[in-house]
Amino acid sequence: EAQVTQNPRYLITVTGKKLTVTCSQNMNHEYMSWYRQDPGLGLRQIYYSMNVEVTDKGDVPEGYKVSRKEKRNFPLILESPSPNQTSLYFCASSLTSGSAGELFFGEGSRLTVL
Amino acid sequence: GDSVTQMEGPVTLSEEAFLTINCTYTATGYPSLFWYVQYPGEGLQLLLKATKADDKGSNKGFEATYRKETTSFHLEKGSVQVSDSAVYFCALNTNAGKSTFGDGTTLTVKP
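In the order they appear, the protein sequences are chains S and C. Take the first sequence: its letters are residues -14 to 99, numbered as in my numbering. Take the second sequence: its letters are residues 699 to 809, numbered as in my numbering.
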């Protein structure tokens, strides 16, 4: 089944404890992206990758890191999480990095930072 | 920068009512436009899209037309069902890889 898989789905952590949210897609998609969803703010793009070893900042990259060493994986790293990073995170992928590509989303990872 | 402005919600309708959710955008160049739907506890999924001016996207009875002159992409459905209750997001993509979403509009359809 074609899908984008995120882990963990739920996580409660404490300020400063490094964590990684993994994202994997099995559709051989070129483009991958991370978003955070907050009430009243919609989805905001954190980082995106148009291909392997190519990553760029989105609108809210502060406090996050990413890497794209393989086509299928695009982990999101929070080196020192803070409470303002409590949010619902979505990974998405698209066949093409062109503007017409529709996004396929994972089911989301709900992160709480105490 | 790019931006998407959606009609504020929540929107509550009776079954079989007509639905319009307004969406306007600002962007440089020629973006593609999308409507995504999010059901409770799930990720977003594509509802419809349009990639150039005057294109009409349609799916499951929903329609939206890419209007370059008014920079709009309003979502419409002639007769909503209870199963259409969800959060709807308008979004745009640029060729530079960036995607911008509206704040989302929560639709509740009552029987």
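Please keep in mind that the hints were generated in silico from the structure rather than gathered at the bench. Beta carbons: idealized from backbone N, C-alpha and C, even for Gly. Check before you lean on any hint, since a few could be wrong.
[Said to hold, decoys possible] PhoX-like mimics (lysine-lysine), calculated; alpha carbons at most 20 Å apart, straight line:
id, chain 1, residue 1, chain 2, residue 2
1, C, K750, S, K50
2, S, K42, S, K56
3, S, K42, C, K796
[As the list claims (entries may be wrong)] Chain C is nowhere near these chain S residues, computed Cβ spacing over 10 Å in every case:
id, residue
4, E(-14)
5, Q30
6, D44
7, I62
8, L63
9, S84
10, G86
[Unchecked claim] Here are the in silico distance ranges between beta carbons for each label pair:
id, chain 1, residue 1, chain 2, residue 2, range
11, C, E774, S, L4, 36 to 46 Å
12, S, R95, C, T806, 35 to 45 Å
13, S, E92, C, S781, 46 to 56 Å
14, S, I(-3), C, Q743, 26 to 36 Å
15, S, G48, C, E713, 39 to 49 Å
Structure-based check of all given hints:
no.	hint	in the structure
1	C:K750 x S:K50	violated (34 Å)
2	S:K42 x S:K56	holds (18 Å)
3	S:K42 x C:K796	holds (9 Å)
4	E(-14)	holds (14 Å)
5	Q30	violated (6 Å)
6	D44	violated (8 Å)
7	I62	holds (20 Å)
8	L63	holds (20 Å)
9	S84	violated (4 Å)
10	G86	violated (7 Å)
11	C:E774 x S:L4: 36 to 46 Å	holds (42 Å)
12	S:R95 x C:T806: 35 to 45 Å	violated (23 Å)
13	S:E92 x C:S781: 46 to 56 Å	violated (20 Å)
14	S:I(-3) x C:Q743: 26 to 36 Å	holds (27 Å)
15	S:G48 x C:E713: 39 to 49 Å	holds (44 Å)
When the structure is compared with the earlier hints, violations turn up for hints 1, 5, 6, 9, 10, 12 and 13 and for no others.
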